[in-house]
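Asker: Here are the chains, one letter per residue:
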Amino acid sequence: MHEHDLDLIAEYASGLLSGEHEARAADLAARCTVCAEEMGVQRQVRTLLSSSARPEMTTFERSRLHRIVLEAVAPAPATATMSRWDRRWLSLAGAAAALVVIVGGAGVVGMLGGADEALDGSSTAGARVAADLATDTTTAAATEMAPAAAQEESAGASTLESYGMGGGLPWFADLADTDRDVFRTVVDEMRAVAADQAAIVTAEDAAGFGAVCFPVDADAVYAVILARIDGAAYETFLTGDRADPTVVTVTTEGCRPVDP
Amino acid sequence: MTAPDRDRDLMARAADGDRAAFTELMERHEDMVFAVAMRMLRERELAYDATQETFLRLFRKADRYSGESSVSTWLYRVATNTCLDMLRKMKRRRADPLPEHHDAPDPSAGEHFDAVEVRPDLQAALAAIPNDFRAAVVLSDVEGLAIAEISEILGVPGGTVKSRVFRGRRMLAERLGNLVDQPQRQRTDDA
Chain A
1 MHEHDLDLIA EYASGLLSGE HEARAADLAA RCTVCAEEMG VQRQVRTLLS SSARPEMTTF
61 ERSRLHRIVL EAVAPAPATA TMSRWDRRWL SLAGAAAALV VIVGGAGVVG MLGGADEALD
121 GSSTAGARVA ADLATDTTTA AATEMAPAAA QEESAGASTL ESYGMGGGLP WFADLADTDR
181 DVFRTVVDEM RAVAADQAAI VTAEDAAGFG AVCFPVDADA VYAVILARID GAAYETFLTG
241 DRADPTVVTV TTEGCRPVDP
Chain B
1001 MTAPDRDRDL MARAADGDRA AFTELMERHE DMVFAVAMRM LRERELAYDA TQETFLRLFR
1061 KADRYSGESS VSTWLYRVAT NTCLDMLRKM KRRRADPLPE HHDAPDPSAG EHFDAVEVRP
1121 DLQAALAAIP NDFRAAVVLS DVEGLAIAEI SEILGVPGGT VKSRVFRGRR MLAERLGNLV
1181 DQPQRQRTDD A
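Chains A and B, in that order, are what the protein sequence lines are. Residue 1 is where the first sequence starts when you use my numbering, and the numbers rise one by one after that. Residue 1001 is where the second sequence starts when you use my numbering, and the numbers rise one by one after that.
Please note that the accuracy of each hint is not assured.
Said to hold, decoys possible - Listed next, with one range per pair, are the computed distances between beta-carbon atoms:
#1 A/18 - B/1060: 36 to 44 Å
#2 A/50 - B/1157: 45 to 53 Å
#3 A/26 - B/1012: 40 to 48 Å
#4 B/1066 - A/71: 22 to 30 Å
Stated by the list, open to error - SDA-like cross-link-like pairs, simulated, lysine to any residue; straight-line CA separation at most 25 Å:
#5 B/1089 - A/55
#6 B/1061 - A/72
#7 B/1061 - A/68
#8 B/1089 - A/68
#9 B/1061 - A/43
#10 B/1089 - B/1053
#11 B/1061 - A/75
If you are wondering where the hints come from, they were derived from the structure by calculation, not from laboratory data. All of these numbers come straight from a predicted model, not from anything done at the bench. Just so it is clear, CB atoms sit at the ideal spot from N, CA and C, and this is done for glycine as well.
Just chain B, with the same shape it has in the complex:
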């Protein structure tokens, strides 16, 4: 059984309330979801919250999964939309404090952050570009997804995806400064 077929099988069983299947599905994709959330939200606690919310939404909506797209594509969509929703809410409530967590602190969190965290300058540059462009660039260049799949995830035409990816890269280049050659060019309009 291929990985996508295995995912579909687990999804069908999760939709029937099979918690073991749902757990396996979560274990297979939690790293991906967290990575996308970190790129989109930049802050670890927010990314963690988004990951948690993504899987809760997955479970609640499992019966609506039609099987037309792969489970991973569906998950990318849920994760991306969850992050975009959080970003919109943050924008409206910029003064509100971050949500509190009452679990015991993770003693190794700081070390792990230094070891595997995204380069701060790159993460800062990502955070500085508009959310929709960030989503397209993350899915394309970080996650390595094809334009057609990103189009399905974001619910926009392929031409729009390409435009956001290309413009997103240009914005990142400007913010990264001397790490990337500054373009001296005439810009074309978006499609």
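Just chain A, same shape as in the assembly:
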């Protein structure tokens, strides 16, 4: 009576043996009923499994698989940052933001390094200055200030400095505290999305025009333009090419009123 080496028999049944091991297993299977039964079990189950039909996906399942997987691995949109800003911009505008808009772009001229104009905030002056804006191609414009505006120091300067932005630049302070809080929220939003935090610039002038400009990516500059016109608050959102930061004409028609 030998010790039944069933694993040896199983290996033999699986075709894993050679040489003397194979010969020994074959001999055991031939002489021992227990070993023979083990060999039969191993071979039959193996054959049953290997010959079973292979499950297949239907055409519908296959196409669904491709659609779901390929959608899941699709790259994120390149303008994700801008998209997020756009959504916040819309939500802020609809949430009683007291953002005001520069009319005629006079303040924008000052900020973008255009004509050294006396800023009076009138729409007429703004329309004239807007024409100049169309040809303004100063590349460093986004960081320059009109002299009048640059001399303005306001209570908001400390707020500006608290954001670590351009110390000494005037702050858009000609608004109620509520407006300032909303403006701060807008600045926070832009800080969250701006690619170059150090390049965020704010500016205002004596008439209450203001703007916050920031570069979002290597190619574009964006600006939130704020102004108060005849006592009403307006807002608009501009884009400019970094290499050619000409701002398109800004008029009240291009702005939208904001609920205080």
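Following the hints, position chain B against chain A.
Answerer: Just chain B, lined up with the frame of chain A:
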């Protein structure tokens, strides 16, 4: 270019974000992955989910593929581990309902099931044996992989693979009853 070389090329390109390469890789191996998942999980919707998850994991980890093993071996590993993960979660949440799918139903699914599905008694027997033994038996006897490759896929020594395959077959034989001769023998200990 041989099939394994083609796979490696596609894998390298997929790791760089080439979606066309990833799509081709998926088309070359989706049947295999689904078949393994069906054997491991038994239920069609679960197998489908496992297939989907396997390819998502493949894409996410494509940059970690070293090329030491074949892409198919790597895929077998991902598929098997995905199924084993699902089985462990199912065991812990046995009372939870199956995940819902909101796509329109496949009108031909029922017919296809009857036409090509694994024999119910064999599938039931597979489902009844422990997960680790099932994985070894499926990879060996259904997929026809060598012990060395299964060892690499499951991350266990070759001796352990053989032990699980042989014992797994014996368990299946007991559950299949009169379809396979009942063994009357003395069992040896595992290695």
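Asker: Take the hints in turn and mark each one as holding or not.
Answerer: Against the structure, the hints:
1. A/18 - B/1060: 36 to 44 Å: For residue 1060 of chain B against residue 18 of chain A, whose Cβ atoms are near 42 Å apart, the range 36 to 44 Å holds.
2. A/50 - B/1157: 45 to 53 Å: violated (24 Å)
3. A/26 - B/1012: 40 to 48 Å: holds (47 Å)
4. B/1066 - A/71: 22 to 30 Å: holds (28 Å)
5. B/1089 - A/55: holds (23 Å)
6. B/1061 - A/72: holds (14 Å)
7. B/1061 - A/68: holds (18 Å)
8. B/1089 - A/68: Holds, at about 23 Å.
9. B/1061 - A/43: Violated. Residue 1061 of chain B to residue 43 of chain A sits at ~38 Å, over the 25 Å cutoff.
10. B/1089 - B/1053: Holds - the C-alpha atoms of residue 1053 of chain B and residue 1089 of chain B are around 14 Å apart, at most 25 Å.
11. B/1061 - A/75: With Cα atoms ~15 Å apart, residue 1061 of chain B and residue 75 of chain A stay inside 25 Å; holds.
The earlier numbered hints that this structure contradicts are 2 and 9.
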